[in-house]
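Turn these sequences into a full structure, and let the hints steer you where they fit.
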Amino acid sequence: MASSSKRQEIWLYLQFPLLSLETLLPQLTPEQQSKPIAVIGHQKNVQQVLCCNSQASAWGVGKQLSLSTALALCPELLTLSRRAEQEQERLQQLALLAYSFSPEVIIHKELGLWLEISGCDRLFKGYDALLCELQNKLQQQGITAVNGLAENPLAARLLCKPSFQTHLPSSQQIQQSLQGTALYKLETSRKQQQSFKQLGLTSLADLLALPRSALSERFDAELMATIQQLNNQRPFTATRFQPPSSFYDLIHNPQGIFNKESLLFPMKTLLQRLCQYMIARQCHCLEMHWRFEPLIGESKQMSIRLSSSQNSWSMLLNLSRLQLERQELPRSIEQIILYADQFIEAPAGMFNLDLFGEQTDNRSSSDLIDSLNARLGAEALFQPVLKQENLPEQAGTLGLANQQTTTATQIDVSYGKQTPQPLWLLDKPVPVQIRNQQLYWHRPLKLISGPQRLCGNWWQNEQQRDYYLACDSKGARYWLFREAMDRRWFVHGLFA
Amino acid sequence: MANTEIISSLLTRQDTWRGRNLRLPRRTLGTGHNSLDLLLQGGWPTAALTELLPRRLGIGELSLLLPIVKEQSSSNQLCLWLDPPYQPYAPRLAAAGIALDRLLIVRSKNPTEWLWVAEQSIRNGALLLAWSGEQHLRYTDLRKLQLAAADSSRAAFLFSSIKTLTDPSPAALRLELDSQSVNQLQLTVRKLRGKAPGDRLELNLDHNSTQRIALNQLPTGQHHAYGSISASGSGN
Chain A
1 MASSSKRQEI
11 WLYLQFPLLS
21 LETLLPQLTP
31 EQQSKPIAVI
41 GHQKNVQQVL
51 CCNSQASAWG
61 VGKQLSLSTA
71 LALCPELLTL
81 SRRAEQEQER
91 LQQLALLAYS
101 FSPEVIIHKE
111 LGLWLEISGC
121 DRLFKGYDAL
131 LCELQNKLQQ
141 QGITAVNGLA
151 ENPLAARLLC
161 KPSFQTHLPS
171 SQQIQQSLQG
181 TALYKLETSR
191 KQQQSFKQLG
201 LTSLADLLAL
211 PRSALSERFD
221 AELMATIQQL
231 NNQRPFTATR
241 FQPPSSFYDL
251 IHNPQGIFNK
261 ESLLFPMKTL
271 LQRLCQYMIA
281 RQCHCLEMHW
291 RFEPLIGESK
301 QMSIRLSSSQ
311 NSWSMLLNLS
321 RLQLERQELP
331 RSIEQIILYA
341 DQFIEAPAGM
351 FNLDLFGEQT
361 DNRSSSDLID
371 SLNARLGAEA
381 LFQPVLKQEN
391 LPEQAGTLGL
401 ANQQTTTATQ
411 IDVSYGKQTP
421 QPLWLLDKPV
431 PVQIRNQQLY
441 WHRPLKLISG
451 PQRLCGNWWQ
461 NEQQRDYYLA
471 CDSKGARYWL
481 FREAMDRRWF
491 VHGLFA
Chain B
1001 MANTEIISSL
1011 LTRQDTWRGR
1021 NLRLPRRTLG
1031 TGHNSLDLLL
1041 QGGWPTAALT
1051 ELLPRRLGIG
1061 ELSLLLPIVK
1071 EQSSSNQLCL
1081 WLDPPYQPYA
1091 PRLAAAGIAL
1101 DRLLIVRSKN
1111 PTEWLWVAEQ
1121 SIRNGALLLA
1131 WSGEQHLRYT
1141 DLRKLQLAAA
1151 DSSRAAFLFS
1161 SIKTLTDPSP
1171 AALRLELDSQ
1181 SVNQLQLTVR
1191 KLRGKAPGDR
1201 LELNLDHNST
1211 QRIALNQLPT
1221 GQHHAYGSIS
1231 ASGSGN
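Read top to bottom, the protein sequences are chains A and B. The first sequence begins at 1 in the working numbering and counts up one residue at a time. The second sequence begins at 1001 in the working numbering and counts up one residue at a time.
Misleading hints may appear alongside valid ones.
[To be verified] What follows is a list of derived Cβ distance ranges for each label pair:
#1 B:1204 to A:344: 43 to 53 Å
#2 A:486 to B:1196: 50 to 60 Å
#3 A:462 to B:1204: 36 to 46 Å
#4 A:89 to B:1112: 37 to 47 Å
#5 B:1201 to A:434: 35 to 45 Å
#6 A:255 to B:1012: 29 to 39 Å
#7 B:1168 to A:295: 52 to 62 Å
#8 B:1164 to A:428: 21 to 31 Å
#9 B:1006 to A:93: 47 to 57 Å
#10 B:1027 to A:88: 52 to 62 Å
#11 B:1199 to A:302: 51 to 61 Å
#12 B:1199 to A:442: 21 to 31 Å
[As the list claims (entries may be wrong)] Derived, one-sided and incomplete: chain A residues facing chain B with beta-carbon distance under 7 Å:
#13 368
#14 395
#15 398
#16 471
#17 477
#18 494
[As the list claims (entries may be wrong)] Stretch-level coverage of chain B by chain A, calculated; a stretch enters the list once three of its residues show a Cβ under 8 Å from a Cβ in chain A:
#19 1088-1101
#20 1119-1128
#21 1152-1163
Think of the hints as simulated: they come from the structure by calculation, not from any bench. We put the CB at the ideal spot given by N, CA and C, even for glycine.
What follows is the structure in structure tokens.
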């Protein structure tokens, strides 16, 4: 590369010639997919073929043929109308994919992407490896792509080859092929193209060979700007792609999905996209929502809360599956939507460098909480909560585990060390009988220590209780109290 | 030829007992009581299921495990209590030095869920304290838990009903818990790998509460705004 002090930029232009077709393909059955297919778009009130698959090309169908000609060539041609919004959505997703290869991504509305990849080689161990990896990733997504590489964005687009190159050409090679580029590829006005013809200019080399002052006299400012860009004399100012702040994605399945097992595959795809998004944004998800929409009737929502940061799609799929088992779903599902907008920044130590692996233990315990949550529901998980109260049933309660009430106030527990306190508390105090002037609960009870007076609720109905430690003849110990007012006895706890 | 292969594969297993060594090299967790450590040949077996069979509730069966729960929570690991018979009393647990946020109480709705939670928690490295309650656990279910504990090298504790004492169990350790007088917990080893059953131990659960607190020595904390009133006619 050039040995200038400024880092030499390397621009990669990705073009997706079949994107219009490939966004629509997943909605077709496998049987339909094997037929010749063409996507039809309107151009000047004429219905034209925008792109077609290889089966259709074998019949002679090609780009820019009118619909009637195409049908005449291939009577069994399956024609789809173009969905421009879906294409752009797909392009956004591809930009997100590209974002994991380079921090500088620019979306080209005409179904292409620019990536500035200089300096990204070390991560992938070389530019060639980066290009191979990118090609693989795109193929996995079922996307056909061709690319061009050059030192500036415009040249990269002009040098777009009909196949995917996985080798970075040298600076000289780039210059050579740029010189040979035909002028009609330049995005210029018709008038300009005509004057090229009149001057007998065919390739870029012819144009650049003219003196610069002569050029500016003959051609407009736009072309001059283009030439400056091609010569790296003018920066490329298009806005860079930034991943959106929330994630929303859906899979459309017009055939309908009838059982939970077959839901898992589209769910997996969506979760993989979510994970890709999270990796690109370097964040972790706190909560995600699923929505299953049937053709007719009400849609079903399902939310999954994550106690700690999760970033692996298999774990997320597992949790979704566990929760899905508990759900009643509509009979046939046409659309699956995954939505997430609560994210936290990924912790700095994403790689577990801890020698003793304590972090893995912590991770697995939060994994456990998540899967319990998904399978049993949040209402089955509890945590003991301590409060600064006098009455035992208020001082120690069970709270739902997910609420994460961080009580900042330090509660003094030293008192509990001096006085006996039970391990089990009964949900409600149970009245104790008195037989032969002796307390009786399952067996005769004997008081062994006490009393300890606890008072509470003085603002409503005041309670004064004297707590005693009692035991039965077999060594079981209970926590008894007597109400100071009406002198009745209750069991309130067990010393297990 | 095949026979020697089988034998050599058996001998490589860690849990094959050979007559030569009377004790298996086991990893154990200290119980917090020296005499109990001695009885159990080192402490609670890790990588195994321990079954505790209390004759009655309230004799100190749970206090036996408090040291290990405390240790687990202080190392910031989760302790899961599955279907405890009553509500755990938070002030007592906090006083014992247990971090409450490391404690998770799970209530299952049916036996299938119970078993799933138990197995998941063992496999995910949490300390499991499970109460089987009234449900009858089959041998295969218990074996699942035992295998999970062996796979993940974790200790797991199961409180079962005393009625199941005569049933076979795959647990590595079965302890019968009884008490004849206050604070005297009587432990009988019903099964311990590498040891004949029947050993018995009287454990004194040394609590402050064993001493009778004289009325004038009662702490005058916030709970005693009204002063202490003598317990007349209380029947002791």
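Here's how the hints hold up against the structure:
1. B:1204 to A:344: 43 to 53 Å: holds (50 Å)
2. A:486 to B:1196: 50 to 60 Å: holds (56 Å)
3. A:462 to B:1204: 36 to 46 Å: holds (40 Å)
4. A:89 to B:1112: 37 to 47 Å: At 42 Å between Cβs, range holds.
5. B:1201 to A:434: 35 to 45 Å: holds (37 Å)
6. A:255 to B:1012: 29 to 39 Å: Once the Cβ atoms are compared, 54 Å apart, the range 29 to 39 Å for residue 1012 of chain B and residue 255 of chain A is violated.
7. B:1168 to A:295: 52 to 62 Å: holds (55 Å)
8. B:1164 to A:428: 21 to 31 Å: Check passed, 29 Å falls within 21 to 31 Å.
9. B:1006 to A:93: 47 to 57 Å: Since residue 1006 of chain B and residue 93 of chain A have Cβ atoms about 56 Å apart, the given range 47 to 57 Å holds.
10. B:1027 to A:88: 52 to 62 Å: Given about 60 Å between the Cβ atoms, the range holds.
11. B:1199 to A:302: 51 to 61 Å: holds (53 Å)
12. B:1199 to A:442: 21 to 31 Å: At 30 Å between Cβs, range holds.
13. 368: holds (4 Å)
14. 395: Because about 5 Å separates residue 395 of chain A from the closest Cβ in chain B, which is inside the 7 Å limit, the hint holds.
15. 398: Holds. Min distance 6 Å.
16. 471: Nearest chain B Cβ about 5 Å off; hint holds.
17. 477: holds (6 Å)
18. 494: holds (4 Å)
19. 1088-1101: n = 10 at 8 Å, threshold three: holds.
20. 1119-1128: Holds, because 5 residues of the region 1119-1128 of chain B bring their Cβ atoms closer than 8 Å to Cβ atoms of chain A.
21. 1152-1163: violated (count 0)
Checked against the numbered hints above, the structure violates hints 6 and 21; every other hint is satisfied.
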